[in-house]
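Asks: The residues making up each chain are set out below.
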Amino acid sequence: MSSREKILDAIRAAKPAGGGPVAYDVTPTHTGDVIAQFESSVVTNGGRFFRVSGLEETKTLIAREYASAYQIISTVTGIDGSRELRAEDDPHTLADVDLAVVQGEVGVAENAAIWLSESRLVKRVLPFIAQNLAILIREGDIVATLHEAYARISVAREGYGVFISAPSKTADIEQSLVIGAHGPRSLSVILTP
Amino acid sequence: MKSHAAGATQFLADRPRSKWHDDTLWFVRAKRDAAMHTVPDWEDLRNAASAIKDDVLANLDTYLIQFEQAATANGVKVLWAVDAEEHNRHVLNILKTHKVRRLVKSKSILTEECHLNPFLEKSGIEVVDTDLGERIVQFLGQPPSHIVMPAIHLKKKEIGDIFHEKIGTRAGEDDPQKLTEAARGHLRQKFLEADAALTGVNFAVAETGGFVVCTNEGNADMGVHLAPVHIASMGIEKIIPRAEHLAVFLRLLARSATGQSITSYTSHFHRPEPGRHLYIILVDNGRSRQLGRPDFRNSLKCIRCGACMNTCPVYRRSGGYSYGFTVPGPIGSILSPNLDLKAYSSLPFASTLCGSCTDVCPVKINIHEQLFNWRQVITEAHGQSPSKRLIMKAAGRLFAKPGLFRFTARVARTLFPLLPARITSWGKSRELPPIAKETFRDWYMKNVKKNE
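First to last, the protein sequences are chains A and W. The first sequence stops at residue 193 when you use our numbering, and every number in between is there. The second sequence stops at residue 1452 when you use our numbering, and every number in between is there.
Same shape as in the complex, but just chain A:
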């Protein structure tokens, strides 16, 4: 008998009676301004929050905030990086990226999590290997809680997707918070109309 059958048989012999889909009720109670809450969550998590009027202001902002960034990759239409990124590139070639600029799809007010999917990232490693990360998110794409976020995204549509809510961080040495563990040392969240 295969291990698969052994395990499944053991489960069948052991599992409790009953089952079937369970009824549960989670009605997220939320009041107030989701944008204000989103901003506050970004800052609490160690990110920086910017609100811009459009593409031109975004470009100016990036140029100003990341004046020393040399290797820039942008996967956002209308914002140019210093070089192109293609899906067939070896991810190791991204080791020298100073700044990645990507487009978020849904932002969650309660925790600042922003959904990024593979097609928008081009390479999965991009938002992790870059020294700094800037995520653009549209005002209309901010929702109150994770429940609404999962209702809007389809997790299996693409091979990979990620909620990013903060710069890379750790508190593994005496609980002292250090920003910039393995991934980006900074996160800018840019809210666009």
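Hints may contain errors.
Unchecked claim - Taking beta-carbon pairs under 7 Å as the criterion, some of the chain A residues facing chain W (in silico):
{"hint": "1", "residue": "S3"}
{"hint": "2", "residue": "A69"}
{"hint": "3", "residue": "I173"}
Unchecked claim - Restricting the straight-line Cα-Cα distance to at most 20 Å, the calculated cross-link-like pairs of lysine to aspartate or glutamate (DMTMM-like) are:
{"hint": "4", "chain 1": "W", "residue 1": "K1099", "chain 2": "W", "residue 2": "E1193"}
{"hint": "5", "chain 1": "W", "residue 1": "K1077", "chain 2": "A", "residue 2": "E5"}
{"hint": "6", "chain 1": "W", "residue 1": "K1157", "chain 2": "W", "residue 2": "D1061"}
{"hint": "7", "chain 1": "W", "residue 1": "K1157", "chain 2": "W", "residue 2": "E1181"}
{"hint": "8", "chain 1": "W", "residue 1": "K1122", "chain 2": "W", "residue 2": "D1195"}
{"hint": "9", "chain 1": "A", "residue 1": "K6", "chain 2": "W", "residue 2": "E1121"}
{"hint": "10", "chain 1": "W", "residue 1": "K1166", "chain 2": "W", "residue 2": "E1121"}
{"hint": "11", "chain 1": "W", "residue 1": "K1019", "chain 2": "A", "residue 2": "E174"}
{"hint": "12", "chain 1": "W", "residue 1": "K1077", "chain 2": "A", "residue 2": "E174"}
{"hint": "13", "chain 1": "W", "residue 1": "K1301", "chain 2": "W", "residue 2": "E1126"}
{"hint": "14", "chain 1": "A", "residue 1": "K15", "chain 2": "W", "residue 2": "E1165"}
{"hint": "15", "chain 1": "A", "residue 1": "K6", "chain 2": "W", "residue 2": "D1295"}
{"hint": "16", "chain 1": "A", "residue 1": "K15", "chain 2": "W", "residue 2": "D1175"}
{"hint": "17", "chain 1": "A", "residue 1": "K59", "chain 2": "A", "residue 2": "D33"}
{"hint": "18", "chain 1": "A", "residue 1": "K15", "chain 2": "W", "residue 2": "D1083"}
{"hint": "19", "chain 1": "A", "residue 1": "K15", "chain 2": "W", "residue 2": "E1158"}
{"hint": "20", "chain 1": "W", "residue 1": "K1178", "chain 2": "A", "residue 2": "E174"}
{"hint": "21", "chain 1": "W", "residue 1": "K1077", "chain 2": "W", "residue 2": "D1061"}
{"hint": "22", "chain 1": "W", "residue 1": "K1019", "chain 2": "W", "residue 2": "E1181"}
{"hint": "23", "chain 1": "W", "residue 1": "K1190", "chain 2": "A", "residue 2": "D96"}
{"hint": "24", "chain 1": "A", "residue 1": "K15", "chain 2": "W", "residue 2": "D1295"}
{"hint": "25", "chain 1": "W", "residue 1": "K1157", "chain 2": "A", "residue 2": "E84"}
{"hint": "26", "chain 1": "W", "residue 1": "K1190", "chain 2": "A", "residue 2": "E158"}
{"hint": "27", "chain 1": "W", "residue 1": "K1099", "chain 2": "W", "residue 2": "E1126"}
{"hint": "28", "chain 1": "W", "residue 1": "K1156", "chain 2": "A", "residue 2": "E158"}
{"hint": "29", "chain 1": "A", "residue 1": "K6", "chain 2": "W", "residue 2": "E1086"}
{"hint": "30", "chain 1": "W", "residue 1": "K1155", "chain 2": "A", "residue 2": "E174"}
{"hint": "31", "chain 1": "A", "residue 1": "K15", "chain 2": "W", "residue 2": "D1061"}
{"hint": "32", "chain 1": "W", "residue 1": "K1096", "chain 2": "W", "residue 2": "D1195"}
{"hint": "33", "chain 1": "W", "residue 1": "K1031", "chain 2": "A", "residue 2": "E174"}
{"hint": "34", "chain 1": "W", "residue 1": "K1096", "chain 2": "W", "residue 2": "E1193"}
{"hint": "35", "chain 1": "A", "residue 1": "K6", "chain 2": "W", "residue 2": "E1085"}
{"hint": "36", "chain 1": "A", "residue 1": "K6", "chain 2": "W", "residue 2": "D1195"}
{"hint": "37", "chain 1": "W", "residue 1": "K1450", "chain 2": "W", "residue 2": "E1431"}
Unchecked claim - Which chain W residues stay away from chain A? Per the calculated CB distances, all over 12 Å, these:
{"hint": "38", "residue": "M1001"}
{"hint": "39", "residue": "R1188"}
{"hint": "40", "residue": "E1369"}
Everything labelled a hint here was simulated from the structure, so no lab data went into it. Backbone N, C-alpha and C fix where the C-beta goes; we use that ideal spot for every residue, glycine too.
Knowing the structure of chain A, use the given hints to seat chain W on it.
Replies: Chain W only, in chain A's frame:
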């Protein structure tokens, strides 16, 4: 196997450190409380999470098959492992197939449970734990002492010393920022050189065949997106029915663990990146046996947040190593007897049964009741120590005879204060409280009975 009491005595020998450990974990517990209070529907979430897990346990076979079918259709290779040994063999076979020399790992308590690292190292594989806390304890040749904060028992000076020895930081450097920066450089090199990456699994979704990994450091993603092979090891109880359920569990997990609203990264894997390989190993290792124990099956609902450890008055004071099991603290003490009743027989007794673990558990596991239930099982199987048996027998006789009890109580009230407190283990580090002048019974007869 060393008893919990012996391990605790060792940890408590360094009183200032034990106090610091206690305070640090209590601080994390306080952060959890603050985060919990920001969510008005917290109790609804706990109820929902527990109910979803009830469904999972009652239909585990169905959900695993559904998961396997969906994952396979997604191009993921699914393997099954009855026990730790088979899991380790699967991993080694995959590594051999892809000619892997260097493996990077992100946090996986399951691989600790399976003792994967020493097994792979014997076959000449370089295994690097990439979570900062795990890398620290790996350098020291220690297991993690906490499932969320693996190096919580160490002081920054000790970490500075081992970093100086292993990765060449300046002697005496103990600034967390500088040490983390040094580790970042060291581990980035390891990520770039790795031939394969292994992660744990926080949740696997039956309907979509995908799984979710949560980290703050981003180490899981750094590993798997660079290396061409990704192996995900998961306990079979990690399955949840639908993707929408992720919202319920993710809202609970980080808040319960560290007081964060969510981890920095919550990664959803469904298909390998084109041209790359993704494997999932489904591991039983005693879980189906635990499922068959009506009193204990709820322990399989655990999402490994560590809240029960942070709140436990015993864990906080005795440290993770006193338990001698991969998952220390209250939850580990109800999981471990399932694996080896004799070896872990002291763990369910390492509790005051105060119930704080049950109160903070995000999936509402009745942890303290299970601790109590394991005590019955263990006592029945292994008996009690002769001294405890004698005391219990004597107490039983005493309580059965009111006259004798009253007489003994009177004598004891006179004699007890004369005895040194150290006569019992409870008295070793405690002062005996002053004994009341009057027994409750005397007080009752005088004040209540006569007024009736």
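Asks: Where does the structure disagree with the numbered hints, that is, which hint numbers, in rising order?
Replies: The structure conflicts with hints 2, 6, 9, 12, 13, 14, 15, 16, 17, 19, 22, 25, 26, 28, 36, 37 and 39, although it agrees with all the remaining ones.
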